[in-house]
Amino acid sequence: MNMEPKTKSPGSIKRFTNPLKGIQIGNQTTLLLAVFIVLFIFFAVTEDKFLTGRSITSMAFQLPELGVLSLAMMVTILTGGINLSVNATSNMAAVLAGLFLVKFIPPEATPQQIGLFIVLGVLIALVAGWLSGVINGFLIAYVGVPPILATLATFTFYTGISTGLTGGATVTGFPEQLSVIGNKAFLGIPIPFLIFVLLTIFTYFLLNRTSFGFKARMLGSNPIASNFSGIDNKAILMRIYIISGILSAITGILTMSRTMSAAYEYGTTTYVLLTILVSVLAGILPGFGNVIDIFIAMLILQILSTGFHMALLGIRGSSFFKDFSWGVLLIIIFIINYFTRVRKAHE
Amino acid sequence: MLNKIIKSNEFVIFLILVGLSLIVGIINPAFFSLSTVFDILRSSIVFFIMAFGLLPIVIAGGIDISFVAIAAVTSYSTHMLLLNRGYQGGILLYYVIACGMGLLAGLLNGVLVTRFKLPVFDVSLATFTMWYGFTLFFVGATANFDLPPGTVGYYGKFLFTLQDPLVGETGLHESILYVIAIGLFIWWFLKYTTLGRGVFAIGGNREVAVRSGFNINLIMLITFAIMGILSAIAGVTQAFLSRYFNPVIFISQPLDVLAAIILGGAAITGGRGTVIGTALGVLLIQLINRTLILTGIPVEWQRLVVGTILILFTSLPAIRDLRARRVGHTTELVQAE
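For the protein sequence lines, the chains are L and W, in the order given.
Take 16 as the starting number for the first sequence in our numbering and just add one per residue.
Take 1090 as the starting number for the second sequence in our numbering and just add one per residue.
Treat each hint with caution, since some may be false.
Some but not every residue of chain L turned toward chain W, in silico, with C-beta under 8 Å [what the hints assert, rightly or not]: (1) L66; (2) S70; (3) I163; (4) T225; (5) F229; (6) I350.
Now the in silico label distances, taken between C-beta atoms and shown as ranges [as the list claims (entries may be wrong)]: (7) W/Y1244 - L/T185: 45 to 53 Å; (8) L/S333 - W/S1331: 49 to 57 Å; (9) L/S276 - W/I1408: 36 to 44 Å; (10) W/G1189 - L/K64: 37 to 45 Å.
Away from chain L, derived, C-beta distances all over 10 Å, residues of chain W [unchecked claim]: (11) I1115; (12) L1130; (13) L1225; (14) G1229; (15) L1266; (16) A1270; (17) I1305; (18) Q1342; (19) I1382; (20) R1392; (21) A1407; (22) I1408.
Read the hints as simulated data drawn from the structure, not as lab findings.
Note that CB positions come from ideal geometry on N, CA and C, so glycine has one too.
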């Protein structure tokens, strides 16, 4: 991750000077869409089970957790930072909410009361996410610790809170109603997927349609220039890390509701690295990038995962092929982007 | 000279190390024994090797995380290859084959970075995912405990042994010699070769390095080759020290190694970093991770303590910089008056 502001080629600046004119379709979006369509057609033709309602629904249930966590990562990368504590935050939020639900719901509670407790639990998770964002934002914006170091330290710190409170055990025994968020569908659309879509739209508007989003991008592309333009860099960074923390906490709620359990160890480091991979695949750079690309990148990763899982069914270790394919795809996208840049420079 | 040493970053970390050891030692006098020292050194060995391999890349301004995946794919593939051939001999062949693979894997990163002008971090993220996936799918997904007969004794090859009242016979493993040799090599490479000076030049100011006539691509390729080879050595060494080969070895540790290097005084933006500082950073992280158990803090709360210490340690240099800037600012004003 480059912490230094990047100098951009004229092509990408052109894409940026018109932030308020229609939804921008950048090169990366076109490329990702093309990859998505090719892969979709490929697996739809080669695998009979790929286009069934069951497989589509199962994909729509699997993808949102990593998707929302990737949004949490993406907003920080856009400002030239990184948040390695996203997964630790989501586990901590889930553990706190989970412990609250297990310890405080009285056995004789009515369904309405339980519903109220669940709402409170969700609020606790969101507050935990907010608090983690405040701590990260304080360390990064006000103390001046490099984001990668600050969030690596808080990653251990938040994991430590979850480990300490649970004694390393998995928290279970939640009321049945909680599973609605992670396992039920609304109008045929899985609720987690709906939440992911809504959060994508929300993040899009926040970053592309508000003055806050504009300032955050300016800060990402050149912090010194943004500072001299009268932008309060510290306040913007603080809010970005708070948004990142809250998005992470929402992931925690989704995971908790789907698995009906909470633990300090869900995901670990590999999950964090995956969210960075999504951002890199989506072409997110300090100051530049589009939330829509994150959404398409997530769809691509999920298709590769499900598609190859079907194609290699029965082969030993088939579920690991997706990691290999993700890495290879990323390299292919890098190389395509390189040649597009070279061609543009020639023109 | 003495003044320079006292003001250096390495000296500060050294003081922190000593201070932390004293605190742990006062809480639990069992800490002050040679067996503790040997234990910390033994667990640090592979991290020293990986950190030394990563250091030149960090100094050149890159952040790589794929070195752990290279350690996994090279050590595990070498083992499976030799196991299938019915290999009975010693460990030397392991190192030779793994280093060859590590060289190629490192060069793959290097070629992608230099040929396609890509950020080091992005490339390493792709190869990190790719190599772990490759190992698990194409080579094998289970830990393997079948070591060739010629390699079994390596586990207990100590430079010298001693009797400890608590843990029985213990000693200093001979692989600490590799660490010393590798550390000296990286130190020499960075300090006394033109290529090594080029590494600092690239990290300090890439444009100036290009204009000064440094062959950036060659320098980057060589640093990646070094990283690949050292990762392979670390992977094989770890396997023989723990007596099994693990396809996902180090998968959750790339950032710990990076943190050790940065704690050791290397700049995350490049241009600054030393071998001694890196070694002290590795020792510091290992000391924190391995000695908290001696202080009587309950196991489940130890991670929180580690996290708190990390937050403090990462904030300290930033606070120092903040103060330095403020002080510098006022002196400027005073001088202006």
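Evaluation of the provided hints:
1. L66: Violated, about 25 Å.
2. S70: violated, 21 Å
3. I163: Cβ of L/I163 sits 6 Å from chain W, so the hint holds.
4. T225: violated, 28 Å
5. F229: Status violated, d = 25 Å.
6. I350: holds, 6 Å
7. W/Y1244 - L/T185: 45 to 53 Å: Since the Cβ atoms of W/Y1244 and L/T185 sit about 34 Å apart, the hinted range of 45 to 53 Å is violated.
8. L/S333 - W/S1331: 49 to 57 Å: Between L/S333 and W/S1331, where Cβ atoms are some 28 Å apart, the hint is violated.
9. L/S276 - W/I1408: 36 to 44 Å: Distance hint for L/S276, W/I1408 holds at roughly 40 Å.
10. W/G1189 - L/K64: 37 to 45 Å: holds, 42 Å
11. I1115: Non-interface label on W/I1115 holds, nearest chain L Cβ at 23 Å vs cutoff 10 Å.
12. L1130: The assertion about W/L1130 holds, with a minimum of 23 Å to chain L.
13. L1225: violated, 4 Å
14. G1229: violated, 8 Å
15. L1266: Consistent with the label, W/L1266 stays out of reach of chain L, its closest Cβ about 31 Å off (over 10 Å).
16. A1270: About 30 Å separates W/A1270 from the closest Cβ of chain L, which puts it past 10 Å; holds.
17. I1305: holds, 16 Å
18. Q1342: violated, 8 Å
19. I1382: holds, 14 Å
20. R1392: At roughly 4 Å from the nearest Cβ of chain L, W/R1392 sits no farther out than 10 Å, so the non-interface label is violated.
21. A1407: violated, 4 Å
22. I1408: Nearest chain L Cβ is 6 Å from W/I1408, so the label is violated.
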